[in-house]
Amino acid sequence: MRGRRCALVIALLLPFTVFADEIQAPQSRLSELLSSDSDAGFAKAIEPRAFVFPEDHGPHPQFRNEWWYITGNLDGEDGRRFGFELTIFRFALTPSLPAAESNWRSNQVYIAHFAVTDAGRERFYAAERYSRGALGLAGASAEPFRVWIDDWEIAAVAEGQPERWGLRAADPGFALDIALIAAKTPALNGIDGLSQKSAEPGNASYYYSITRWETEGSLRIGDDAFRVSGLSWLDREWSSSALAADQLGWDWFALQLSDGSELMFYNLRKLDGSQDEHSAGTWISADGSSTHIDREDIEIEVTDTWDSPEGGQYPSAWTLELPDRGLSLEVRPVMADQELFTTVRYWEGAVDVRGERHGAPIEGRGYVELTGYAD
Amino acid sequence: MIPATLRANFSYLLRHPLQLALALLGIGIGVAVIVAVDLANSSARKAFLLSMDAVTGEATHQVIGGARGIEEVDYVRLRTVEGIRTIAPIVEDTVSVNETSFTLIGVDLFAEQEMRTFTGEARTTGGDDAAGESLFRDFLTRPGAVTMAWSTADEFGLQVGEDFEISASGRSYSATLIGTFGDEDDSGLQNLLVADIATAQVWLDSIGRLTRIDARIPHGDDAAFARLEAALPDGLRVLSAAGRTRTTAEMSAAFMTNLAAMSLLALLVGVFLIYNSVSFSVLQRRSLIGNLRALGVTRGRMLSLILVEAAVVGSVASILGVATGILLGDRLLVLVSQSINDLYFRLNVTDVMVSPFSVAKGLAAGIGASLAAAAVPAIEAMSFPPKLAMTRSSLERRTGRLLPRVAVAGMLAMLAAVTLLILSGRNLVAGLIAVFLLILGFALCVPLAVRAASAVLAPLASRIGGMLARMAVSGIGESLSRTGVAIVALAVAVSATIGVSVMVDSFRGSVDDWLQQTLQADVYAGVQRGSLDPGLLDAITALRGIEAFSTSRRVQLEDAGGRTQLIAIKMAPGSYAGTEIIDADPGDVWPAWEREDLVLVSEPYAYQNEVSRGGIVQLPTDQGLRAFEIAATYQSYDINASAMLMSRNVYERHFDDDGVDSVGLYLAGDADPEAIMARIGEISEGRQEIRFNSNARIRELSLEIFDRTFIITDVLYWLAVGVAFIGILGAMLALQLERGRELAVLRALGMTPSQLGGLITTQTAVIGLLSGIAAVPLGIVMAWVLIEVINRRAFGWQIDMSVAPAILLSAIAFAIGAALLAGIYPAFRAARSQPAAAMREE
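If you read the protein sequences in the order shown, they are chains A and B.
The first sequence begins at 1 in our numbering and counts up one residue at a time.
The second sequence begins at 1 in our numbering and counts up one residue at a time.
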């Protein structure tokens, strides 16, 4: 999913570098950053590469940015419906760093977003953390796999395949502690994992997903603790480039269907309102095999909108048509307000899916991310 | 329409511009001194608190550790294992840029948002996004990148992007100003350098360590506090940030109290002067008052007229005085900051902060004293029948009758002072109040003493200088209603000079003796901050010609009870003699001190903490709180006097610290200290900036600092003396003006102008002499109180009092000189007056 969170990462950094004099429109701010040569010296995603696991679960510090992104839909024992997101971003400030005496010296920055949707009570919780990748305050390692900020972490609890990971994150108001077992092998997005962003070579990322994890554990909201279980989704991407100047934002869909298949699609929106030609996705069938989805293969229509109380209007219901697959889906958020007021404002929330496949009813759950609607 | 009576009053003043000017000057200077001292004091304090607040930011608590701070892994554990988030690591110390002190704070920007805004708010000149992004990147990844307040960069002429040298831990580093923060209002942020914690650790020689951890705990959230406290390993403590600020501020509290005492003295002298100036202008007009009363103006009306006039004159003069005081305060502040910087903590004050309170105090003193000064003689004038009020002799008779009563009041005040001294125990403020009661009481006795003296001296004077001298001397006793206040003011000012001079002189003597004893080694070498490079230490102590060496390490131990300065010493055989043990046999103390968990406490420490030999002190060691027995008390006039000595062996058992600040070198008989120092210079070159000096030079330097500390004292006393001088000038001038007719008669009787001038000069000289003599006993008593009460209560120092006769003689000479100088113009004026015109005036 090209460029998506890369832009987010850059934007996240901006508050540290307050421009007291003039605050500019976000897109021009991005364009300035992206038109600069700030990726000089970093490794670039030019050709397809061989993905090796578990090594590639770990960090790729020669690239400028990278993320570990887990979302999931969970049910309490009493049937109460929850969703969660834990994303850890890594961002390299410079391609390399001379040896330093102090352990604090680092060019690696980590940022994390943690959100929980309590659909049963119509409540949404979000928290953010940031840290330098030094001293064990935050970091990532491949073997054993672990990525963390402070006491938030995603880490392997056992070696080998399938992946067995644990996820722990706690904020004073809400907390999550779950075990995840991969139900599928990594699916490579784009062309063999190379997700091309534009015609220019190197303007691409390496991108894979593990689209189905059996998940169970505990969730705490306030003083209430819940046993929860459900399905999760992992997105992994690293690159040294970012969104194009003419792109405004994106709508990202990660849908897990009841027949064991998954659909990922990102719809890049241009400033002029049109769809960017590099919008793309992946179809993962129940047996784990994956197929690239081109923008021509899918038709997306917004059927409802939601006005944020803080201003801005988000789409809040869609129909997705994939005629080649005989698939017709309606996607609707489990609750309207799943907007994050972290350093960057965006919408990321649990959704329900209903529809037909070759005439037979199908349903599912998933996560949708919407950016560029309310800046 | 201004009533004729009021016009009569004011037109009198306007017809006597010199007198008006003197009254204005007198009140103005009095107010100026009060305001200046008050502003300098309060500005210094406010600047300190502001900068502490700015640096503390939102932090409510601070976690501190032992001698070398906190290990950084403890911080990481708090965040990653304990999940405590509202904490931020700090590496902080003083560094210097071009000889100017800066506070360097090394921060972790990612934790800063919980604590401070300015650390992450730097901007470059461009202000565009690319510049902003690179600013952030540079701050984190570029060694030596710093930000500072915009105003500080401006003051030092530094541009964003510019490199400059900083000196830290005795080493020199290259820094780059990558951005500035703050805007016009960046109070408290001056002379502050902000760097990434990685840069600060390198510069401050504290790799792996933090100075402290700032914590933000919501008010009243006891659970969060308990959680943090429980999560801390042994040797770390959490203290309230406000409490730590207070502890730091308290270090200078005694110094500030002394300054406040001086401002009280200035106030006292200032009020004398105001009283003097105003009461004269009323007394001058006794005949006018008498005439107006005879014309039917009621007493009440007359009184209100005089008070209105006093209020107007007092207000005008006070406003001028406040303005002058603000200017003067600016100069004083430089001296105050200098002293605080020398003695206590970094204080950077650029401007006087004008507080309404200080201004109000000055105005109230000026106007209030003017009204009181006018009311007393006015009420007195009203109480006479109109005709009688017009005669001067009646006033003098009344004044004469009043003197014994005033003197009795004075004695009572002095008695109260003594009682207060005895009863107030250790209270410093009570001690100061007693000093002022003493001065006041003494002042009230002076007029009676002067009258008696002039009566005794008059026959003597006539034998020496004939009739004229007799006239001059007895004239003083007969004009006390006019000269009394001036004499008192001069006597008080001069006695203050004596008191302070004797105190400072005695203090200096004691310090000098102590320095001679303490500085046993031939050469001392050390670093001002941080610790000596271990390799360098070995190289220095291995130099040929060095027979033995001692090392010392000075650390601040802090817990909720406050701060303790601990000095860990590895003694050389010759070192023991440098510490004078007061209350035990050194032969018993030293061997035990080297082995056991014992400490020696300095005399001030013992006084301030009310402990003595055999007592127990609890010290926060790196293994937690431990008890140490006090083996003995030792004498010390160290600037940070409240300290304790521990042997290096014991220190290393309890503290994880192998650092050494300074080393004392004992040379072989034939070794040349200069040659050794030259070698130290050579081997430390390029490694670490070492301060090294011979013991003689250190003694000199210490005394220089001592002297500089008392410059502020000197300046204040000269101001008080200046006020007194104006008082004398005013009194003499008024006296001569009033006696115009009498002097004219003397001229008409054949006295030459020079004889007349001589008469007046003699009179002023005698006034000076009497003031000077009166000042001596008060001065000595004041010195005694300052040494035995004020210094002891403020600092815990035991000083041997010694009175140098030269101080007393020069004080008397000064009093005479000041009086003579003040008499020149009145004498000249009287001599030049035309007797015929003067006699015709009535």
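Simulated from the structure, these hints should not be mistaken for lab results.
All of these numbers come straight from a predicted model, not from anything done at the bench.
We put the beta carbon where it would ideally sit given N, CA and C, even for glycine.
Incorrect hints may have been included.
[Said to hold, decoys possible] Listed next, with one range per pair, are the computed distances between beta-carbon atoms:
#1 58(B) - 323(A): 53 to 59 Å
#2 292(A) - 183(B): 52 to 58 Å
#3 50(B) - 46(A): 36 to 42 Å
#4 58(B) - 200(A): 54 to 60 Å
#5 53(B) - 181(A): 35 to 41 Å
#6 96(A) - 50(B): 54 to 60 Å
#7 274(A) - 183(B): 52 to 58 Å
#8 47(A) - 682(B): 57 to 63 Å
#9 79(A) - 50(B): 42 to 48 Å
#10 183(B) - 200(A): 40 to 46 Å
Quick rundown of the hints versus the structure:
Against the hinted window of 53 to 59 Å, the Cβ-Cβ separation of residue 58(B) and residue 323(A) comes to about 58 Å, which satisfies the hint. Against the hinted window of 52 to 58 Å, the Cβ-Cβ separation of residue 292(A) and residue 183(B) comes to about 54 Å, which satisfies the hint. Under the hint 36 to 42 Å, the C-beta atoms of residue 50(B) and residue 46(A), about 56 Å apart, miss the expected range. Range check, residue 58(B) to residue 200(A): Cβ separation about 46 Å, and the 54 to 60 Å hint is violated.
Restraint check, residue 53(B) to residue 181(A): a C-beta distance of roughly 53 Å breaks the suggested window 35 to 41 Å. A beta carbon spacing of about 42 Å between residue 96(A) and residue 50(B) contradicts the range 54 to 60 Å that was offered as a hint. Between residue 274(A) and residue 183(B) the beta carbon distance is about 43 Å. The supplied range of 52 to 58 Å is therefore violated. Remark: the range hint 57 to 63 Å for residue 47(A) to residue 682(B) is upheld by a beta-carbon distance near 60 Å.
Distance hint check: the CB atoms of residue 79(A) and residue 50(B) are about 58 Å apart, inconsistent with the given range 42 to 48 Å. About 42 Å separates the C-beta atoms of residue 183(B) and residue 200(A), a value consistent with the hinted range of 40 to 46 Å.
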